[in-house]
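Asker: Can you build the whole structure from these sequences, using the hints too?
There are 4 protein chains.
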Amino acid sequence: MAPKSPEDFEKMRAESRSNILQSALKLFAEEGYDNTSISQIARDAGISKGLVYNYFDSKQELLEQVVHKGLKLMPEIFEASDRKIDSSTLPNMLERFRKSLKNDRLFWKFYAELLLQFLRNRELLQQFDMLFNEFIELFIECMRQQNVTNPEIEGRKLAAMLDGVSLHYMFDDDYPIDDIFDDIIKTYVPHASHE
Amino acid sequence: MAPKSPEDFEKMRAESRSNILQSALKLFAEEGYDNTSISQIARDAGISKGLVYNYFDSKQELLEQVVHKGLKLMPEIFEASDRKIDSSTLPNMLERFRKSLKNDRLFWKFYAELLLQFLRNRELLQQFDMLFNEFIELFIECMRQQNVTNPEIEGRKLAAMLDGVSLHYMFDDDYPIDDIFDDIIKTYVPHASHE
Amino acid sequence: MAPKSPEDFEKMRAESRSNILQSALKLFAEEGYDNTSISQIARDAGISKGLVYNYFDSKQELLEQVVHKGLKLMPEIFEASDRKIDSSTLPNMLERFRKSLKNDRLFWKFYAELLLQFLRNRELLQQFDMLFNEFIELFIECMRQQNVTNPEIEGRKLAAMLDGVSLHYMFDDDYPIDDIFDDIIKTYVPHASHE
Amino acid sequence: MAPKSPEDFEKMRAESRSNILQSALKLFAEEGYDNTSISQIARDAGISKGLVYNYFDSKQELLEQVVHKGLKLMPEIFEASDRKIDSSTLPNMLERFRKSLKNDRLFWKFYAELLLQFLRNRELLQQFDMLFNEFIELFIECMRQQNVTNPEIEGRKLAAMLDGVSLHYMFDDDYPIDDIFDDIIKTYVPHASHE
DNA sequence: CATGAATGAGAATTCATTCAT
DNA sequence: TATGAATGAATTCTCATTCAT
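Chains as they are written, first to last, in this note's numbering: chain Y, 2 to 196; chain L, 2 to 196; chain R, 2 to 196; chain F, 2 to 196.
Just to be clear, a hint being listed does not mean it is correct.
Treat identical chains as interchangeable: a pair holds within one or across any two.
Computed cross-link-like contacts, DSS-like style, restricted to lysine-lysine with a CA-CA straight-line distance of at most 27 Å [stated by the list, open to error]:
id, residue 1, residue 2
1, 50, 103
2, 50, 27
3, 60, 50
4, 27, 70
5, 70, 187
6, 60, 70
7, 110, 27
8, 110, 60
9, 12, 50
10, 187, 60
Note that these hints are calculated values from the structure, not bench results.
Answerer: And the structure:
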């Protein structure tokens, strides 16, 4: 009844949009992109099918937006807040990653799915590539900090290992994720414990 | 006049079947399972749509057969021929793996795709799970051979790293795959360096 | 501007659903279940193929719904309105049946078709079986009313004869349906003649 | 090895043909015409799919031949061997029919299926119509023999009842077929009892 | 802004029929 | 005569997308 202000509308739009993205992320992660229909997403978001198209031009664009939103979470996990890399950066990052893996299994399943989509889809690949390289660069930088002999190689190995561990963890409910992380942290951050 | 002999038929069948599996592997790997239609597979194999169903009951079964065939390659890559694990097993395996990654990129792309399919599909998961665990066990056994402190953890880390490296390599055409492998071999096979 | 109200949608749905059932009944009856494609039904109903699946999960379910709707007509034909069986029940029923046979030839053709489907399809058989037995029981009850020596047998004979007459009538455009019915009524309702 | 004489070939042909017809009858009766594939028939007959087309031009023609062969059995059941109709014709016929119903349930199921096919298929209808009318005429003639008041009507009623009883019997494994037949025979052949 | 009915292109699957041998 | 591989048209069913209200 009360006439809504432009701001109200704006807020509603943002909220609806966010709901849709939320539902899409969940369903894409659980069922896979191809096995998720717009109807399901709409139903899950509690809105009508048609309305989805009010916010996103196509299913493909919805995917891209979900990815976009998802990738923005990555830096929060991996980047040190002060952007300065020091000896605590890597252990902090690893801890945050471990925590995220355990808490946001859904997101990481989706991330795994995306890896595959990316291998095929040029549009998505570009969005992702930059971030992906930043992420590797970050590890390389950490290695450099630690004065390892070959930071480029060591950084890539660490990145690969973490991706591999994530995959295996998603596969196997009994995966000893904590043991593995404890060990990785110990290995890659040896200075942390003694001297 | 002369009716075809059973051998003739057998040969035809084997050939067609093999063609179909070949095309299916290629397309599943390149486009993904869901984005590949039976029509495409048939077209690629140079046969009619209907014939595919002469050899495979369903698209799902075709996938399973492709997987089955693919998984048979794994042991050749990872297992020591004499089944005895000694100090040369791991370097041999790693070399074979490196070579396979570079030669059979298609297969490994597909393998990556499968990881995701597996996360959802119970049928496939079972076929795969055993092999997957064997593969991890193998690395653990190698670690045990080398008297590392914690073979269980070290084996899993190595397995994860190799999966991660494979993924990254598939992503990035400039990935320094040889440097990484050289390093891994050097790290995990320290004895190799000093004679 | 104004969104459609739930009532509007409800009305649209009911109408479309009814159209589809109508067309399906007609075509199943005329062509047989197996010889009728969803496309034909859609075309006949003046809608798109896909819409049929908006209302019915499968062709099989469409059949079941058509049957369900059709079977609801049966009681109107065969049951005495007051549920009490007396000497007028049978002649009334026979008259209603005669009238229905002549008016609803389509339905009865379909009913005949169904008999055959039923011989194979367990799902449908159950829906039908109850009604079928009720129908025979009804005749038996009428016979009992008339104090015939062996009402069980006589009831079944009458039921069989009516099914047979229906079939023959559907076959033969010159079938003397009225003569037959007049005779049956005279035979089975002897009291009608002498008061 | 021994060169086959033309007669041998002829006999083999006849035998193969008969096998196919046998299998087709069985499968059509059990599964229905539409649900039976040529492959099934060939498999059941122990020959190749292609060979079926050596004997029959099409599935439709195979159906027609099965019908043709089947209908030839009818006279054996219904006609008095000496073609003369007397007071024993009807009871004999009814006994033969009862026996056939119980022994050849498969055939009668198929006959029921055919009734429906006939209602749609002009080709088949013609083959059948003649026989169908002969069959009714036969009953009418029997009634005439018995000096019933209205042989035309009574004959048709008997024919209808027998068709109906057959259907019901096929439906219901507990159908009291013998009681019904005993009663029919007693009713329609009253003279049989008192001399 | 919101709804869900309606569309239609495309996918998997079946199967009668053909054909080379 | 006999085989079964191969074809392709037809069928059921799904779902992204449009549109009238």
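Asker: A separate judgement is required for each hint: does it hold in the structure or not?
Answerer: A quick look at each hint next to the structure:
1. 50 <-> 103: neither (32 Å within a copy, 45 Å between copies)
2. 50 <-> 27: within (17 Å within a copy, 31 Å between copies)
3. 60 <-> 50: both (11 Å within a copy, 23 Å between copies)
4. 27 <-> 70: within (13 Å within a copy, 32 Å between copies)
5. 70 <-> 187: neither (32 Å within a copy, 40 Å between copies)
6. 60 <-> 70: Answer is within: at 15 Å inside a copy they meet the 27 Å cutoff, but 34 Å across does not.
7. 110 <-> 27: both (9 Å within a copy, 25 Å between copies)
8. 110 <-> 60: both (19 Å within a copy, 25 Å between copies)
9. 12 <-> 50: both (20 Å within a copy, 20 Å between copies)
10. 187 <-> 60: This pair counts as neither: shortest intra-copy Cα distance 44 Å, inter-copy 47 Å.
This entry does not satisfy hints 1, 5, 10, going by the numbered hints stated previously.
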